[in-house]
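Undergrad: Below are the chains, spelled out letter by letter.
There are 2 protein chains.
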Amino acid sequence: MSPVIAEVQWLSDEEQATWRAFNLASRIVDGALDRQLMRDADMGHAHYAVLVALSEASDYQARMGDLADLLEYSPSRLSHAVRKMEANGWIERRQCPTDGRGQIAILTDLGRQTIEQAAPGHVNEVRRVVLGPLSASQQEQLRDICETLILRVQNQTT
Amino acid sequence: MSPVIAEVQWLSDEEQATWRAFNLASRIVDGALDRQLMRDADMGHAHYAVLVALSEASDYQARMGDLADLLEYSPSRLSHAVRKMEANGWIERRQCPTDGRGQIAILTDLGRQTIEQAAPGHVNEVRRVVLGPLSASQQEQLRDICETLILRVQNQTT
DNA sequence: GGTAAATATTTGAACGTTCAACATAATACC
DNA sequence: GGTATTATGTTGAACGTTCAAATATTTACC
Chain S
182 MSPVIAEVQW LSDEEQATWR AFNLASRIVD GALDRQLMRD ADMGHAHYAV
232 LVALSEASDY QARMGDLADL LEYSPSRLSH AVRKMEANGW IERRQCPTDG
282 RGQIAILTDL GRQTIEQAAP GHVNEVRRVV LGPLSASQQE QLRDICETLI
332 LRVQNQTT
Chain R
182 MSPVIAEVQW LSDEEQATWR AFNLASRIVD GALDRQLMRD ADMGHAHYAV
232 LVALSEASDY QARMGDLADL LEYSPSRLSH AVRKMEANGW IERRQCPTDG
282 RGQIAILTDL GRQTIEQAAP GHVNEVRRVV LGPLSASQQE QLRDICETLI
332 LRVQNQTT
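Protein sequence lines, in the order shown, are assigned to chains S and R. Quick note on numbering: our numbering labels position 131 of the first sequence as 312, and the sequence is numbered without any gaps. Quick note on numbering: our numbering labels position 121 of the second sequence as 302, and the sequence is numbered without any gaps.
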């Protein structure tokens, strides 16, 4: 089942600490944001991201596939999310006129109101939990580091 | 429902980029680790962490509460996870002798074998996805940053 | 133009996590 | 010592995500 294990370079204490800190920080931050949004706006922050993306799109609409690429969501994740948000009245779906397979997600007025109300609390929480504790240079470092990670993973054969 | 919104200091472009990069990197890394473990060892990395914690504990055992604190898991998350892993034969549960409420989770031989087989692949993936792309000083920065975030959130009223 | 391959999206089942409710045992208090 | 309170852990329901399968439409190819 598992290949004969070849070379493994075990993690040093520092490496392990780095990895665990990153892992824990991710989890804590994600949880905090989710709880804040759930408490104040009745949605998780995965749904919030969809609303933001649509509110930034021209005419408040986008094709499912483009939206999924933009957010780096799996098609099915987005589909489920949009179905839920459609039920909430935040989004509508229409057939794409130029491609019969395509579906277009459109932010409704209610959706726009919803995100406008949710945004301030969310931004405050991002500040409280992520940006606030970090110095300007740490923010720069973090951005650099994370962009490095993102590029590396995306340009590799997973 | 929502409080009258007070001051919001919207995110600058740099802040937004930092936050989005962190968020995406977290998601990508987490996903990569999960998929690798699922593929090679039939468990998510939340379960992996439980096995690691137990394998590092004296006598390969720990009380549920201590384990949950150590991993920063909610009691119920741990309970569900352990139930699943008990079904796999990786963990056993016993009553705590000194406290009738307590339960002790014990790593079985099979559990030990399982993690020994899973560890190399996991470590390689951590290297590939997180540590590898970063320079030594970036690793130091990342650790610093994440530890800052962790401390800050934990010492605040959530 | 018709068949095969590729693309876009949805669906349902399985799984993990959260939250609230519950059971049980230990501690505090009088 | 008996009752209220607090601590430990588990349970079940709800929800979001993943994966594999299905459907429908478009593109490529001959």
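Derived by calculation from the structure, the hints in this document are not laboratory data. Possibly wrong hints are sitting among the right ones.
[As the list claims (entries may be wrong)] DEER-style ranges, computed between Cβ atoms: (1) R/R258 with S/R293: 31 to 37 Å; (2) S/T279 with R/V189: 35 to 41 Å; (3) R/R216 with S/A268: 26 to 32 Å.
[As the list claims (entries may be wrong)] So these bits of chain S aren't anywhere near chain R, every CB distance computed over 10 Å: (4) Q190; (5) E196; (6) Q242; (7) S260; (8) Q284; (9) P301; (10) Q320; (11) R324.
Note that beta-carbon positions come from the ideal geometry of N, C-alpha and C, so glycine has one too.
Undergrad: Report the numbers of all earlier hints that the structure fails to satisfy, in ascending order.
TA: 4, 5, 9, 10 and 11
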